[in-house]
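There are 2 protein chains.
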Amino acid sequence: MDVSTTQDSGKTAPETGYSAPPPPPMVNYFGVDFALRLLLFASSLSALLVMVTSKQTELIPTSLPPPFPVSVSRAAKFNHSPAFIYMVAALAVTCFYSIVTMLTSALVISNPLPSAKMLFNMILFDALMAGVMASATGATGGVAYIGLKGNSHVRWNKICNVYDKFCRHIGATAAVSLVASIILVVLVVLSSYSLYRRSR
Amino acid sequence: MDVSTTQDSGKTAPETGYSAPPPPPMVNYFGVDFALRLLLFASSLSALLVMVTSKQTELIPTSLPPPFPVSVSRAAKFNHSPAFIYMVAALAVTCFYSIVTMLTSALVISNPLPSAKMLFNMILFDALMAGVMASATGATGGVAYIGLKGNSHVRWNKICNVYDKFCRHIGATAAVSLVASIILVVLVVLSSYSLYRRSR
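Quick note, the sequences are listed as chains A and C, same order.
Those letters in the first sequence? Residues 1 to 200, by full-length UniProt numbering.
Those letters in the second sequence? Residues 1 to 200, by full-length UniProt numbering.
Keep in mind that the hints were calculated from the coordinates and are not lab data.
Only a predicted model underlies this, so the values are computations on that prediction, with no experimental measurement involved.
This list has only true hints and no planted wrong ones.
Anything over 12 Å on all C-beta distances counts as not near chain C; from chain A, calculated:
1. 42
2. 66
3. 164
Below, simulated BS3-like cross-link-like pairs (lysine-lysine); rule was C-alpha separation at most 25 Å, straight line:
4. 165(A) / 149(A)
5. 158(A) / 77(A)
6. 55(A) / 149(A)
7. 55(C) / 158(C)
8. 165(A) / 77(A)
9. 55(A) / 158(A)
10. 149(A) / 55(C)
11. 77(C) / 149(A)
12. 158(C) / 77(A)
13. 149(C) / 77(A)
14. 77(C) / 55(C)
15. 158(A) / 149(C)
16. 55(C) / 165(C)
17. 55(A) / 165(A)
18. 158(A) / 158(C)
19. 55(A) / 77(A)
20. 165(C) / 77(C)
21. 149(C) / 55(A)
22. 149(C) / 165(C)
23. 149(C) / 77(C)
24. 158(A) / 77(C)
25. 77(C) / 158(C)
26. 158(C) / 149(A)
27. 117(A) / 117(C)
28. 149(A) / 149(C)
29. 55(C) / 149(C)
30. 77(A) / 149(A)
We treat Cβ as the ideally placed atom computed from N, Cα and C, and that holds for glycine.
Given only the sequences and the hints, what does the whole structure look like? Please build it.
Rendered as structure tokens:
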């Protein structure tokens, strides 16, 4: 009788003191959660830095007669496209969000029974952030693809043959932010799996 | 000792047959779930139809000397842009997905205690579809914005002054697919709220 009492109070309901152990074993997934949020922080910060350092200045030849200069210096920067500005904003918010939730996750990492309300809130905000990051990734990818291939139907010329470094940076940002979006979806699934394991 | 036994079986294992009513009232949210999925079906189908009927043919004036024609007929279609093709694919998948999950939802609409595993699976797939729809919305929005405003830095001219009907269709698709993305995120939150209400 003594043995069962200590087992129970440790596992489910410390307030009643003598409840039976629950059917599925209680596992705290906040170790994995914390690791994923750390990865999310690393990916969003690196994508942000790669995006803001993408400025490239090139000499573009002009086809004008002699009084005009032979070539002009033109820069390509991320803030020339609204899609890239949205991406920088989304990455900055995700980076900040990952720090805050990493702290929250670290606080309950050793708690055997973290609050279900907290898991629900995490799903709510992770799902919102996943939507924001996925749409930013889509917008950046869509615009970057035009820059890479051009669009002959509407005579939008490709620019990646001139601004090679700029395009590499944009491409790397799109790839890493895709990873960040996937991490956010995995976090939603992980938190809901925690809730599922605790459901009746 | 008797009291504690009934308490426990009421909380965790209804299959024993003599359980007390569970602490939080069991609410089945599948009515709302079904309505949202119906809305998702309507929005994805209408966005899909608006997108595929967006073809517009215009006479574009040429600035060539007399032997050449004064103007040429050029069409704008959704499949001229990879971003729009991705959107059509995403909308078709979402439309099909909404039908399947609507049926699943209808099957358990009168069940007082639907399976938690089903809720978890719904969160999993809804989160995936939300990511796909959000990225497609972002890609379409990013490309459509260039069509609307152009980009002077890279000399991509706006096309919406010529292809007005095409642009209206693309804009409507982007707006309705944004609604579809939001519905998918709300579905994730609704299912996880169901799980939360059932959690210990």
